[in-house]
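Each chain is listed here by its residues.
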Amino acid sequence: MKKLMISIIVMLALIAPLAMAGGGAERAARDGVELDFWSWRVEDVAEYNELIRRFEAENPGIRVNFTPYQATEYNTVLSAAVQGGNAPDIIHLRAYGGLEQYAAPGFLMRLDDKLPLRNRFDEDTLRAVTSVSDGNIYGVPFASQTLVIYYNSRMYNELGLEIPETWDEFLSNLEVMKDAGITPLANGSAEGWTLEVMHGVISPNFYGANEFFDAIMSGEAKFTDEAYRRSLAKLLELRPYMPDGFTGVNYVGMQMGFINEMAGHFIGGSWEAAYFNSQNPDLEFGVFAGPVENRGDTRYVSSYADGSFGASATTRHPEEALKFLEFLASQETGQFFADELKLQSDIPGVTSDDPYLQRILELNENSTPYIQLVGFRYEQPTGSSLLQSGLEGMMAGTIDAAEVTRQVQRGIETWFTPGQ
Amino acid sequence: MTFDIKLKSTPPLKLAVYFLFFALMCVYVLLILYPLFNMFASSFKTTREIFQDPFSLPTAFSWDNYRQVWFEGGFSRYFLNSVTVTATSMAIVILFGSMAAFGVSRYKYRLSTLVYLLFLSGIMLPLKAAIIPLFLIVRNLGLMNTHLSLIFVFAAMGIPSTVFILAGFMRTIPRDLEDAARIDGCNDFSIYRRVIMPLSAPSIALVTIYNMVPIWNDFFFPLVFIQRDRLKTLPLGMSTFFGQFQINWALVFTALSIAILPMLIMYLFMSKYFIKGMTAGALK
Amino acid sequence: MNQRSLSRNAWIAFFVTPGLAIVAIFIILPLFMSLFNSLYFWRGMARLEFAGLENFRRIFFQYPFSERFFNALGNNVKWFTTTMLVQNTLGLLFGYFLSRRIPGSPVFQRVFFVPVLFSIVAVGFLWRLYLTPGTGLVNQFLLQAGLGSWARPWLGEQAIATYVIIAVNIWRWLGFPTLVFYAAINNVPQDCLEAAYLDGASETRVFFQVIVPLVIPAIMIITVLTMIGSLNVFEQIYTMTGLSGGPYYSTDTLGTLFYRTAFGGVDTGLPLIGVGSAIGVIIYLLTFASSALAILYFRGRETEL
Chain Z
1 MKKLMISIIV MLALIAPLAM AGGGAERAAR DGVELDFWSW RVEDVAEYNE LIRRFEAENP
61 GIRVNFTPYQ ATEYNTVLSA AVQGGNAPDI IHLRAYGGLE QYAAPGFLMR LDDKLPLRNR
121 FDEDTLRAVT SVSDGNIYGV PFASQTLVIY YNSRMYNELG LEIPETWDEF LSNLEVMKDA
181 GITPLANGSA EGWTLEVMHG VISPNFYGAN EFFDAIMSGE AKFTDEAYRR SLAKLLELRP
241 YMPDGFTGVN YVGMQMGFIN EMAGHFIGGS WEAAYFNSQN PDLEFGVFAG PVENRGDTRY
301 VSSYADGSFG ASATTRHPEE ALKFLEFLAS QETGQFFADE LKLQSDIPGV TSDDPYLQRI
361 LELNENSTPY IQLVGFRYEQ PTGSSLLQSG LEGMMAGTID AAEVTRQVQR GIETWFTPGQ
Chain G
421 MTFDIKLKST PPLKLAVYFL FFALMCVYVL LILYPLFNMF ASSFKTTREI FQDPFSLPTA
481 FSWDNYRQVW FEGGFSRYFL NSVTVTATSM AIVILFGSMA AFGVSRYKYR LSTLVYLLFL
541 SGIMLPLKAA IIPLFLIVRN LGLMNTHLSL IFVFAAMGIP STVFILAGFM RTIPRDLEDA
601 ARIDGCNDFS IYRRVIMPLS APSIALVTIY NMVPIWNDFF FPLVFIQRDR LKTLPLGMST
661 FFGQFQINWA LVFTALSIAI LPMLIMYLFM SKYFIKGMTA GALK
Chain R
705 MNQRSLSRNA WIAFFVTPGL AIVAIFIILP LFMSLFNSLY FWRGMARLEF AGLENFRRIF
765 FQYPFSERFF NALGNNVKWF TTTMLVQNTL GLLFGYFLSR RIPGSPVFQR VFFVPVLFSI
825 VAVGFLWRLY LTPGTGLVNQ FLLQAGLGSW ARPWLGEQAI ATYVIIAVNI WRWLGFPTLV
885 FYAAINNVPQ DCLEAAYLDG ASETRVFFQV IVPLVIPAIM IITVLTMIGS LNVFEQIYTM
945 TGLSGGPYYS TDTLGTLFYR TAFGGVDTGL PLIGVGSAIG VIIYLLTFAS SALAILYFRG
1005 RETEL
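In order, the protein sequences belong to chains Z, G and R.
Once you know that position 163 of the first sequence is 163 in this note's numbering, the rest is easy, because the numbers rise by one and skip nothing.
Once you know that position 245 of the second sequence is 665 in this note's numbering, the rest is easy, because the numbers rise by one and skip nothing.
Once you know that position 52 of the third sequence is 756 in this note's numbering, the rest is easy, because the numbers rise by one and skip nothing.
Here are the simulated distance ranges between beta carbons:
(1) R:Arg805 x G:Gly605: 47 to 55 Å
(2) Z:Thr398 x G:Met686: 39 to 47 Å
(3) Z:Leu236 x R:Ala849: 31 to 39 Å
It is worth saying that the hints were derived from the structure and are not from the lab.
For every residue, glycine included, the Cβ atom is placed at its ideal position computed from N, Cα and C.
Please take these sequences and the hints and turn them into a complete structure.
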């Protein structure tokens, strides 16, 4: 026993300094300034490090540490760090309500008086990086995302299918695949947010896209309106084409189904392309917008600003942080995102001859805000969280579309005042 | 135990019940061992092989996956961090916990019940539900992003049950031993160290196992208090790793094996003491 | 005399203070702080004016908190009852059989305790892979065993998802009650049992009328630990079905609801510290009250030898 106690105490004495060393050691950047840069893009580490390498080459004396966190944990980690006074110097922020959460309490550096952003970006883009409570800009716009339907073009060729325009054509394509023994649609419903994306692709063409969005923001329309209910019910018609046991298929399962060519379609966001390519370089795929009711109807895609880059209000190196933000706002960076990550950069002047990106831009000619994210992610309960869980219930057959719309409307009414 | 099962004199119905339970226990053993074996076997397969036939055995043994997870995945560092944090917290739990148990059980004073109840309430109160104020305290003490934050919180989690179990045990130690030691000129600390602690050894083994498992495995507090990658503990690092590589089942199974096997191997060597600690004079 | 008691008090302080200080700062203080926080309005991390019981009112009466709260509480109750009925009953019976020196008893003891050592994160993730609908081990096994009709999206079906997660947790933890009961039954004095058998009592009678009453302290400890554990389920849900307790809230618990409300997620909006703290306080009170009740209940039933 005595030996045990002594060894424990010795161990304690040996280990304690190690444990304490943690905080201090890495702060010391001997020469020059070190900036911490956090993000949720775990998939893009290599690309971000390359971007940073270019910045460091142009700006000797500044070093940038890129640390990504899992998307589902990023918010917890970031809010813990920011509130704990350990905010990173450069923060990859979400847009709209996600930005507001950090901007409103004053955790972020005001940018409009320091960087020439207001004149460079259009109004819709700026809205994503502007705090609704004080009207100031807190982030450098990063990229826009578009919600689309991916299809496996090799399968389309083999089965002699054409890109569908109407809802019925789309369903008949799915039917052909099913008959051919292929899972037509990779999507599952185990993770609610993938259902919200599915709704973002399919529903706008049935609820009336921009007109409905404006009406709902001004209070003339409600989510319980028939048009919105019907647009949700459309998703039910896709159930027969989803994988067996789709209620248990999660995001990773969806990606694996499409990447390994077990499924012919994938309803998702424009950010998937780079990942699909990297995981299976032989995969041939294309994208199209959500189908419409009748031939000739305007075909809308949901799109939104995916996030922005901000700086902590408490950074010890504001000058260097601004320099890096300026770099992130440059055309060079925008071009890099377009070329390397196939992202639709919001930075003016970025061009791309990549056929995939051109196609995305083409689809964006008729775009509508991704409704719950753009408009209803400010307070709890958010439209997104209500819709996601509701759709899980609807796809499982526990509740109907009308009940989902009631839950969303009732939930957001607790904090949302139309017309603001 | 004198009443071992006597097969010959047992009526058939009863025998059937015995058999049922024996079979049930065998099934549980299989349910424990096979998934672990499958996990280990899968770590040597490719993701495609796992999908095609999850039951097949690996065709070739290569430690590449392990090398990748251990070095590039950063598991060597996570592992070391977990060892550091767990060992330090456990040392504090055992030292301060046993001292407090001694102070509560071997003296008679008016406040002793109150002190005992304060410790006892620590067992019943779920610390997770107080994460927000705990977070503020850790921040104000300047412990964010240090292992010390985890060490203190884990110590606080472990001390109450340690006091509860050890105090219960120490109460049963006869007072004569203490008096004899006092006559020999021992002061209170040497009584604690030379008389009471050696006698409490089996209970201390129990307390160590009981507290070490949740501390080693805790995911929640590192998630909130540790953001720097180089300070992460194994469960947190593992969760991050899963996020990045979850499409590659072969690597995921490798990471799971790395997380689980060291504990298993350590247990195989120490299982005698584990079981003894769990069963001998533990729950009074 | 005075000198003596002074030094005695100093010794007591020396022994008790370090442990008490840690517990006071990191457990008792946060408890009172969350009680305090739950009585205020918050905007993000900024504390606003005094709110009285408004945050509690929102939890009990305002949509959607009220529905979420009672739904989550219901699931916590499911956790407790299922764990008591299946895990702890099996644990008691297994413990009893092990104590009867059945063949292989030491092997069983050792193997049963293996999963207890594993982290919830690893176990949750491992079983999430095994329970995947298409490629997972469980459905593949059923398919190959000719039981294909039993295959299902285990974690995706509202009616069973919670029970599946509980089953995984029982898989992990069954060894603990088994060994505790085994130890307790082993400590039952031999002469008691012999006397009972000599009186001609059947084995069932001996089990229920001699053994069970004598292991009440162990039953109490296991019950209280199960209560505390059931009210604080979090990691199991987090790793297997995610923070929102899907599908359609069917696996939501007070732990995940608390976490979502107090910390927010990607799409859950501003954190609500006031409401979150109130949920935390309710978890505290429920845990405290139920374990105190359980202790009182069993104390009344304890058999002293």
